[in-house]
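Number of protein chains: 2
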Amino acid sequence: MALNQNIVVIVGGVGGAKLALGLQMILPPEQLTVIVNTGDDFWHYGLRICPDIDTVLYTLSGRVDPVNGWGLAEDSRTVLQALTAYGEDTWFGLGDKDLATHLLRTQMLRDGHSLTEVIAHLAKVQAIQSAILPMTDEEVPTIVETAEYGELAFQEYFVKYRWQPTVTKLRYQNMEQASLNPTIISALHNADMILFGPSNPWLSIEPILSVPGLRDAILARDVPRVAVTPIVGGQAIKGPAAKLMAELGYDEVSAQSVAEHYGAIINGFVYDTSDAAFHIAGLHTARMDTIMKNNTDKARLAQQMLAWIKEWN
Amino acid sequence: MALNQNIVVIVGGVGGAKLALGLQMILPPEQLTVIVNTGDDFWHYGLRICPDIDTVLYTLSGRVDPVNGWGLAEDSRTVLQALTAYGEDTWFGLGDKDLATHLLRTQMLRDGHSLTEVIAHLAKVQAIQSAILPMTDEEVPTIVETAEYGELAFQEYFVKYRWQPTVTKLRYQNMEQASLNPTIISALHNADMILFGPSNPWLSIEPILSVPGLRDAILARDVPRVAVTPIVGGQAIKGPAAKLMAELGYDEVSAQSVAEHYGAIINGFVYDTSDAAFHIAGLHTARMDTIMKNNTDKARLAQQMLAWIKEWN
Numbered sequence: 000m001a002l003n004q005n006i007v008v009i010v011g012g013v014g015g016a017k018l019a020l021g022l023q024m025i026l027p028p029e030q031l032t033v034i035v036n037t038g039d040d041f042w043h044y045g046l047r048i049c050p051d052i053d054t055v056l057y058t059l060s061g062r063v064d065p066v067n068g069w070g071l072a073e074d075s076r077t078v079l080q081a082l083t084a085y086g087e088d089t090w091f092g093l094g095d096k097d098l099a100t101h102l103l104r105t106q107m108l109r110d111g112h113s114l115t116e117v118i119a120h121l122a123k124v125q126a127i128q129s130a131i132l133p134m135t136d137e138e139v140p141t142i143v144e145t146a147e148y149g150e151l152a153f154q155e156y157f158v159k160y161r162w163q164p165t166v167t168k169l170r171y172q173n174m175e176q177a178s179l180n181p182t183i184i185s186a187l188h189n190a191d192m193i194l195f196g197p198s199n200p201w202l203s204i205e206p207i208l209s210v211p212g213l214r215d216a217i218l219a220r221d222v223p224r225v226a227v228t229p230i231v232g233g234q235a236i237k238g239p240a241a242k243l244m245a246e247l248g249y250d251e252v253s254a255q256s257v258a259e260h261y262g263a264i265i266n267g268f269v270y271d272t273s274d275a276a277f278h279i280a281g282l283h284t285a286r287m288d289t290i291m292k293n294n295t296d297k298a299r300l301a302q303q304m305l306a307w308i309k310e311w312n
Numbered sequence: 000m001a002l003n004q005n006i007v008v009i010v011g012g013v014g015g016a017k018l019a020l021g022l023q024m025i026l027p028p029e030q031l032t033v034i035v036n037t038g039d040d041f042w043h044y045g046l047r048i049c050p051d052i053d054t055v056l057y058t059l060s061g062r063v064d065p066v067n068g069w070g071l072a073e074d075s076r077t078v079l080q081a082l083t084a085y086g087e088d089t090w091f092g093l094g095d096k097d098l099a100t101h102l103l104r105t106q107m108l109r110d111g112h113s114l115t116e117v118i119a120h121l122a123k124v125q126a127i128q129s130a131i132l133p134m135t136d137e138e139v140p141t142i143v144e145t146a147e148y149g150e151l152a153f154q155e156y157f158v159k160y161r162w163q164p165t166v167t168k169l170r171y172q173n174m175e176q177a178s179l180n181p182t183i184i185s186a187l188h189n190a191d192m193i194l195f196g197p198s199n200p201w202l203s204i205e206p207i208l209s210v211p212g213l214r215d216a217i218l219a220r221d222v223p224r225v226a227v228t229p230i231v232g233g234q235a236i237k238g239p240a241a242k243l244m245a246e247l248g249y250d251e252v253s254a255q256s257v258a259e260h261y262g263a264i265i266n267g268f269v270y271d272t273s274d275a276a277f278h279i280a281g282l283h284t285a286r287m288d289t290i291m292k293n294n295t296d297k298a299r300l301a302q303q304m305l306a307w308i309k310e311w312n
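Chains as they are written, first to last, in numbering that gives the first Met the number 0: chain F, 0 to 312; chain H, 0 to 312.
Mixed in with the good hints, there may be bad ones.
Pairs count within a copy or across copies, as identical chains cannot be separated in the list.
[What the hints assert, rightly or not] Keeping only pairs whose Cα atoms sit at most 25 Å apart, straight-line, the calculated DMTMM-like set for lysine to aspartate or glutamate is:
hint : residue 1 : residue 2
1    : K123      : E251
2    : K159      : D271
3    : K123      : D88
4    : K123      : D221
5    : K123      : E87
Hints listed in this document are in silico derivations from the structure and should not be mistaken for laboratory results. Here the structure is a predicted model, which means the values were calculated and not measured.
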């Protein structure tokens with residue numbers, strides 16, 4: 000087993016967090032760095048909320064709600080119910096304990112700390128030893144253009160409208176002003192392997208790759224760069240990946256289409272045993288059981304991936 | 000009884016809110032306007048918190064915690080405990096249901112509403128029919144200069160240090176830029192009577208009277224302008240009023256000293272039956288049981304005041 004190496008895993012929310020947890024279970028903590036999408040971050044009731052980052056924090060700290068895969072286990076919703084009693088349309092789930100995360104983050108940001116510093120602190124107070132890095136410190140909200148409602152802020156599209164509107168275009172607002180954090184440059188530079196979680200390639204991974212300089216920093220590394228499919232049997236394991244592919248004009252909603260979409264950024268691709276084998280020139284591929292229902296699944300997939308990568312690397 | 004008239008009552012937190020509730024109990028709701036101190040408002044964990052206004056809102060809606068006299072009855076502190084678990088020094092009490100008030104207020108302020116509009120909404124959703132007006136829409140934080148710690152933000156002085164530091168000076172930051180709200184001008188113009196609650200004259204009433212134009216707008220009204228003492232038997236009913244008077248150099252900590260401090264802004268003064276009678280030239284005075292332990296006390300004091308004022312008016 001190739002355990003003595005630095006691994007960077009690039010993720011969005013629930014699915015990517017599961018793979019990150021699998022890796023954390025089998026790696027020394029100082030060897031794992033998780034780069035997380037912040038395109039879905041937003042301001043809500045005066046608080047800065049980072050849904051993907053919090054899912055990663057809660058998952059890696061073992062505090063995540065096991066049913067939803069996001070939010071905190073055994074959390075209550077007293078505050079949200081009180082907002083509802085005030086006549087508010089409380090479409091975004093805010094747990095009481097979860098709110099402490101948002102309050103502390105907002106306080107630290109208002110005090111002038113960078114998002115990277117804030118997330119490092121939030122990881123520390125949750126006893127997480129892996130490095131969790133927001134893709135950038137700037138606010139770069141993903142804007143979803145829809146046929147039905149025009150432009151929607153990401154969480155409106157994703158949560159308020161439950162990703163039912165038809166997506167016509169995605170854009171990453173303010174991205175040209177986003178800066179690549181030195182900690183990310185350093186993590187990629189020192190990585191012996193760069194992985195992409197089974198996250199949504201367009202909604203979660205693409206914003207990360209759009210941070211100026213980040214795609215090139217990955218391409219510059221002659222190391223295994225391996226993505227895990229979010230599409231199994233033509234369907235998304237969770238969320239709008241399959242629906243979105245169809246809306247964005249893909250003829251075939253499949254793992255192969257995802258691999259082709261990733262293109263040169265990856266040199267390895269893992270897809271599910273339930274899908275038929277395919278080959279793409281120059282791409283290492285492997286079929287594995289990619290469905291992670293429990294922690295054993297997560298550690299097993301992480302182990303299998305590292306073992307397979309060691310084979311061809 | 001002179002009930003058919005518009006009454007403005009000027010208050011800080013707990014004590015003033017009690018008198019406002021007494022008035023609300025005996026008046027048609029459209030006749031009562033409460034002008035509230037905002038000098039103790041502050042930003043905390045990214046939220047705008049207005050302690051005095053919330054005490055008034057919670058008291059007039061019947062939701063206030065009956066033990067503390069502030070905060071909500073039967074509230075929980077799940078969020079605050081989660082912040083403590085994150086290593087935070089949670090010196091300011093934030094209830095879970097109470098947080099909904101701060102979240103909604105912050106959202107509305109961030110959306111561009113004035114504090115006056117926000118408080119009107121917060122009053123409406125709590126089914127309060129009296130008009131509750133912040134003294135100004137601008138942020139005018141009261142700064143407390145102390146012998147021990149230098150300058151303290153008000154809530155640090157009042158809550159974090161439990162008003163124990165020695166006060167050397169008070170100032171109302173940014174006050175010269177504060178504007179007098181048209182709703183306040185109108186309320187004072189239409190008032191048949193202007194009352195001052197048994198609030199702290201220096202920490203609660205003085206900030207209100209310092210809003211440019213507000214003192215003059217009161218002095219311009221030839222109507223009963225009556226204050227209730229916060230000092231009984233040389234002691235404060237609640238909080239630092241007596242301690243503060245000594246620190247500010249008053250030789251005598253007494254109801255009479257308070258009346259003298261108010262000066263020309265009042266033409267009537269109510270103090271407690273337990274204190275010896277005194278006379279000040281040109282000032283109507285009355286001794287009443289000013290201690291409000293329950294709602295019956297509050298309504299009785301309000302009734303007695305209005306009856307007495309009618310006598311000499």
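Which holds for K123 with D88 at a C-alpha limit of 25 Å: within a copy, between copies, both or neither? For K123 and D88, the Cα distance is within 25 Å only across copies (16 Å; inside one copy 34 Å).
Can you tell me if K123 and E87 fall within 25 Å by alpha carbon in one copy, between copies, both or neither? Classified as between; 13 Å across copies, 34 Å inside a copy.
State whether the alpha carbon distance between K123 and D221 is at most 25 Å within one copy, between copies, both, or neither. Cα proximity of K123 and D221: none, with 32 Å in one copy and 63 Å across.
From the Cα coordinates, with 25 Å as the cut-off, is the pair K123 and E251 best called within, between, both, or neither? Neither. Shortest intra-copy (43 Å) and inter-copy (54 Å) distances fail the 25 Å Cα cut-off.
Could you figure out if K159 and D271 sit no more than 25 Å apart (CA to CA) within one copy, between two copies, both or neither? neither (31 Å within a copy, 57 Å between copies)
Of the numbered hints given earlier, the model fails hints 1, 2, 4; all others are met.
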